[in-house]
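Engineer: For the record, the sequence lines run as chains A and B.
Counted from 1, the first sequence has number 118 at position 118 by this note's numbering; the numbering is strictly sequential.
Add 1000 to a position in the second sequence, counting from 1, and you land on the number used in this note's numbering.
If you are wondering where the hints come from, they were derived from the structure by calculation, not from laboratory data.
As the structure is a prediction and not an experimental result, all values here were calculated from the model.
Be aware that a few hints might be false.
[Claimed, not checked] Simulated DEER-style distance windows between Cβ atoms:
(1) A78/A to S1097/B: 50 to 56 Å
(2) N34/A to S1099/B: 33 to 39 Å
(3) F1245/B to N34/A: 42 to 48 Å
(4) A49/A to D1242/B: 22 to 28 Å
(5) A78/A to L1071/B: 57 to 63 Å
(6) M1246/B to H25/A: 27 to 33 Å
(7) Y54/A to D1242/B: 47 to 53 Å
[Said to hold, decoys possible] Partner residues aside, some chain B positions facing chain A, computed with beta carbon under 8 Å:
(8) E1134
(9) V1150
(10) R1151
(11) G1158
(12) V1180
(13) K1182
(14) G1183
(15) E1184
(16) M1185
(17) L1186
(18) I1194
(19) G1196
(20) S1198
(21) I1199
(22) E1263
Glycine included, every Cβ here is placed at the ideal spot set by N, Cα and C.
Letter by letter, the chains look like this.
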Amino acid sequence: MTSLLNRLFGRAKKGSGATAKNRLHFVLQHDRINLPPQRMEEMKREILAVIVKYLVVDEDRVEIALEQRDRAHSKLVAEIPFAKEKQIQMELRTEATAGESPGAKSNGAGTAPIAAEEEDRSEKTSGDSKDGATVAEVDDATAPGADAEAKDKDKK
Amino acid sequence: MAGKVVTISSGKGGVGKTTATANLGISLASLGRKVVVIDADIGLRNLDVIMGLENRIVYDLVDIVEGRSKLRQSMIKHKKFENLYLIPAAQTRDKMSVSPADMVKLTDELRDAHDFILIDSPAGIERGFRNALEPADEVLIVTNPEVSAVRDADRITGLIEAAEKGPGRLILNRLKPDLVKKGEMLSSDDVIDILGLSIIGIIPEDELVLSASNSGVPVTLNTDSKAGMAFNNVARRLTGEDVPFMNLDDEPGFFRRLARLIEAW
Ligand SMILES: Nc1ncnc2c1ncn2[C@@H]1O[C@H](COP(=O)(O)OP(=O)(O)O)[C@@H](O)[C@H]1O
Ligand SMILES: [Mg+2]
């Protein structure tokens, strides 16, 4: 029915054009640096393998990504958090679940910590290069204060 | 003032290079400029038929390069415009019979007496493309709003820049505004954004292009054709005129849409 209405009123909807644009972005990123996607994944694994020889990092949250403003400006951006941060977060999470924080129950508050974490993160990375991955990764943060606290501790 | 060499390229085949070259040649000539169009697609001669000059060919590009014919006697004058000439490609030779240096020499001979020398580049990124690129003062990159065509345009753009012939300007051909509106086609903004090039022309899909190629009378000579008008605008922009982009939206009204829906039922 909506599609019928859309057709009748000529409303724009997201179609294969958007898919085409996304696919082009992906293909051109790799074309332009002459490194196919699979080789890129290999490289990421190798970079990580070197880093973990020297540092204890939170491997699940490591992000190595290609950023491209245009043909002439590509850069590899890596975010490699230390494992310490993860440990603190996990402790806090356990506590929160045990104490039945209000956020865990009410679904209205359930979305709040995600938004908070997103904001925190975008601050650190000056607002660019973040995508769905960030959100997916924090969706189990139940206590609204937990992430902020963890971050405070980190800063000290 | 020395003439300008403009190469029309694309990477991918079938996107409209030859159509664009023929129409720009006609439009520039109708604007009073002295024009030569060169078909650099050796082995796959096409520009002659699109321009309706196939029955006048005596000599070709390879004949000139190999010294079998004089440049002036090999140039075919257009039926309608006496300030428009075609140098056809050889049909039975291969691309290696012409070198980039040959093309530079040839175009240098033409610059004095002409305002524009347009070169129709073959598809691909090999010798034929190199031949067309080497003498260029400016490159126009033709693409379609399609993933594969845009990808190839990007590849070509990189090669053009590497050869210090860039930045090229974009001709987006075969755009279907109604599909863009429905979100089912890349928009001109999408393509400009992805390629990071400035645009010199947006040409709509137009059935009259086919009739034009059937009859050998380029569509820009047909005043009813939107594609023809759009090509004419590109020509004017090439001469340095600031021409606004035409509105391609002939958005049907509510009742037309209703009628269409009922029809499609
Ligand atoms: N704007 C357009 N609308 C409709 N058909 C077009 C348009 N531009 C090109 N075509 C068609 O596309 C085909 C390929 O065009 P052509 O100019 O020969 O491409 P190329 O030289 O890049 O291989 C031809 O059949 C032509 O008629
Ligand atoms: Mg062609």
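Engineer: Run every hint past the structure and note whether it holds.
Structural biologist: Results for each hint:
{"no.": "1", "hint": "A78/A to S1097/B: 50 to 56 Å", "in the structure": "holds, 51 Å"}
{"no.": "2", "hint": "N34/A to S1099/B: 33 to 39 Å", "in the structure": "violated, 27 Å"}
{"no.": "3", "hint": "F1245/B to N34/A: 42 to 48 Å", "in the structure": "violated, 34 Å"}
{"no.": "4", "hint": "A49/A to D1242/B: 22 to 28 Å", "in the structure": "violated, 56 Å"}
{"no.": "5", "hint": "A78/A to L1071/B: 57 to 63 Å", "in the structure": "holds, 59 Å"}
{"no.": "6", "hint": "M1246/B to H25/A: 27 to 33 Å", "in the structure": "holds, 28 Å"}
{"no.": "7", "hint": "Y54/A to D1242/B: 47 to 53 Å", "in the structure": "violated, 59 Å"}
{"no.": "8", "hint": "E1134", "in the structure": "violated, 22 Å"}
{"no.": "9", "hint": "V1150", "in the structure": "holds, 6 Å"}
{"no.": "10", "hint": "R1151", "in the structure": "holds, 6 Å"}
{"no.": "11", "hint": "G1158", "in the structure": "holds, 6 Å"}
{"no.": "12", "hint": "V1180", "in the structure": "holds, 7 Å"}
{"no.": "13", "hint": "K1182", "in the structure": "holds, 6 Å"}
{"no.": "14", "hint": "G1183", "in the structure": "holds, 3 Å"}
{"no.": "15", "hint": "E1184", "in the structure": "holds, 4 Å"}
{"no.": "16", "hint": "M1185", "in the structure": "holds, 5 Å"}
{"no.": "17", "hint": "L1186", "in the structure": "holds, 5 Å"}
{"no.": "18", "hint": "I1194", "in the structure": "holds, 5 Å"}
{"no.": "19", "hint": "G1196", "in the structure": "holds, 4 Å"}
{"no.": "20", "hint": "S1198", "in the structure": "violated, 12 Å"}
{"no.": "21", "hint": "I1199", "in the structure": "violated, 15 Å"}
{"no.": "22", "hint": "E1263", "in the structure": "violated, 12 Å"}
In the structure shown, a violation is registered for the earlier hints numbered 2, 3, 4, 7, 8, 20, 21 and 22, in ascending order.
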